[in-house]
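*Asks:* So for the sequence shown, the numbering used here puts the first residue at 1; every next one is plus one.
Just so you know, these hints were derived from the structure itself, not from any lab. Please read these numbers as outputs of a predicted model, since none were measured by experiment. Hints should not be assumed to be uniformly reliable.
List time: in silico DSS-like cross-link candidates among lysine-lysine, alpha-carbon distance up to 30 Å [unchecked claim]:
1) 352 - 327
2) 263 - 167
3) 167 - 182
4) 167 - 327
5) 167 - 2
6) 327 - 187
7) 357 - 167
8) 139 - 197
9) 197 - 327
With beta-carbon atoms standing in for the labels, derived distance ranges [said to hold, decoys possible]:
10) 230 - 263: 47 to 55 Å
11) 190 - 365: 31 to 39 Å
12) 190 - 131: 32 to 40 Å
Virtual Cβ for every residue (Gly too), placed ideally from N, Cα, C.
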Amino acid sequence: MKIGITCYPTYGGSGVVATELGIELAARGHQVHFITYQQPFRLTGREEGIFFHEVAVTSYPLFQYPPYDLALASRMAEVAEFYGLDLLHVHYAIPHSVSALLARQMLAVRGIRLPFITTLHGTDITLVGQDPGYLPITKFGIEESDGVTSISADLKETTVRSFGVQKEIEVIRNFVNCDVYKPDDEKRRALRPRYAKPDEKILIHLSNFRRVKRVGDVVEVFARVVREVPSRLMLIGDGPDRSIAESLALRYGIQDRIHFLGKQDSVQDLLLLGDLMLMPSEMESFGLAALEGMACRVPCIATRVGGVPELVEDGVNGLLFAVGDVKAMAAGAIEILSNEPRQQAMAAAARKTAQDKFCTSRIIPMYERYYEQVLNEVS
């Protein structure tokens with residue numbers, strides 16, 4: 001198949017999933033065309049079977065805000081016609097589904113069929129889509145899609161409840177390449193001394209440091225843990241709340257125990273160094289960072305929100321807590337890190353969960369079957 005993919009080409013979960021999906025589809029012999037305003041960060045530009053088409057937005061004095069959605073629709077139509085795309089797969093409802101709808105209508109006038117699938121990722125439904133200014137157009141874009149998928153059952157239920165959509169939504173959960181994200185004892189031995197002493201544990205947090213990720217809670221938890229367990233904290237990512245984390249680290253006098261690593265491309269090489277992941281988010285429609293850590297044998301302390309319980313099984317491959325309960329999260333982390341047999345059992349269970357349920361070998365064929373289903377339905 002020839003598949004067009006549109007996403008936000010950033011470090012957020014939807015961009016990561018869309019990019020990794022394109023990489024995996026190309027590896028399986030499909031031709032993949034990314035259509036967005038810049039090359040997704042996980043692409044090198046040299047992958048076989050993958051093409052990038054930039055959406056250029058021109059500013060005119062008349063436009064207070066450059067109309068990216070219109071430029072995107074036009075570029076979608078151009079690429080689809082020139083390369084003979086079979087379908088578009090857009091990630092994040094706003095504005096991508098509406099742009100795809102416009103592209104479909106533009107080509108239909110010339111007798112060209114271009115179905116599109118919208119994948120809902122989370123804040124496009126729970127945050128942006130709930131805004132009164134965007135709710136009607138979000139609902140319209142979903143209902144006009146030829147196919148709709150959701151990354152968790154919880155997000156599907158939230159979408160139906162919040163928007164009252166009648167469109168059938170297929171749940172296809174996020175995935176991880178278990179051959180890339182995996183334990184590597186040799187690499188761990190080589191890299192770990194850069195970040196911790198032999199007797200110290202490593203806790204990890206990976207996010208875009210937005211408020212919903214509650215990175216302040218990560219530091220609050222670690223401040224309690226480090227009093228009881230010799231440990232270090234690796235903060236991977238960057239964003240608006242980094243200053244909050246830095247301020248709290250200074251307040252608790254633990255800044256020398258925390259590694260602020262910023263945005264990283266090959267996060268798997270860092271995740272495999274961890275003993276425990278902290279994900280105290282206010283909302284997670286799935287929890288991709290936790291899955292990537294689990295594939296590397298890192299159990300997770302997380303909050304019982306959204307689609308997280310579909311991934312983290314409390315007491316088996318991690319622990320679940322109420323949002324904001326940093327005291328309980330810290331106690332749970334201390335208990336795991338102080339009990340080597342339990343930590344190892346949870347680590348093994350985390351890896352097994354990733355392998356059994358969320359590896360690319362299981363999830364990518366679901367997308368392929370869904371593509372075929374949608375193409376058959378619109379033909």
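*Asks:* All the hints need checking, so say for each whether the structure fits it.
*Replies:* Hints and how they fare:
Taken as a hint, the residue 352 and residue 327 pair is honoured in the structure, with Cα atoms around 29 Å apart against an allowance of 30 Å. With a C-alpha separation of about 37 Å, the suggested pairing of residue 263 with residue 167 is violated against the 30 Å cut-off. Taking the CA atoms of residue 167 and residue 182, the gap is near 37 Å; set against the 30 Å cutoff, the hint is violated. For the given pair, residue 167 sits about 42 Å from residue 327 by alpha-carbon distance, which is inconsistent with the 30 Å threshold.
At roughly 25 Å between alpha-carbon atoms, residue 167 and residue 2 fall within 30 Å of each other, so this suggested pair holds. Taking the CA atoms of residue 327 and residue 187, the gap is near 33 Å; set against the 30 Å cutoff, the hint is violated. Restraint check for residue 357 and residue 167: satisfied, since their Cα atoms lie roughly 26 Å apart, inside the 30 Å limit. Distance hint between residue 139 and residue 197 is unfulfilled; the C-alpha atoms sit about 52 Å from each other, more than 30 Å.
A distance of roughly 26 Å separates the Cα atoms of residue 197 and residue 327; the hinted pair therefore holds under the 30 Å criterion. Under the hint 47 to 55 Å, the C-beta atoms of residue 230 and residue 263, about 28 Å apart, miss the expected range. Between residue 190 and residue 365, the C-beta spacing of about 35 Å keeps the proposed range 31 to 39 Å intact. Distance hint check: the CB atoms of residue 190 and residue 131 are about 48 Å apart, inconsistent with the given range 32 to 40 Å.
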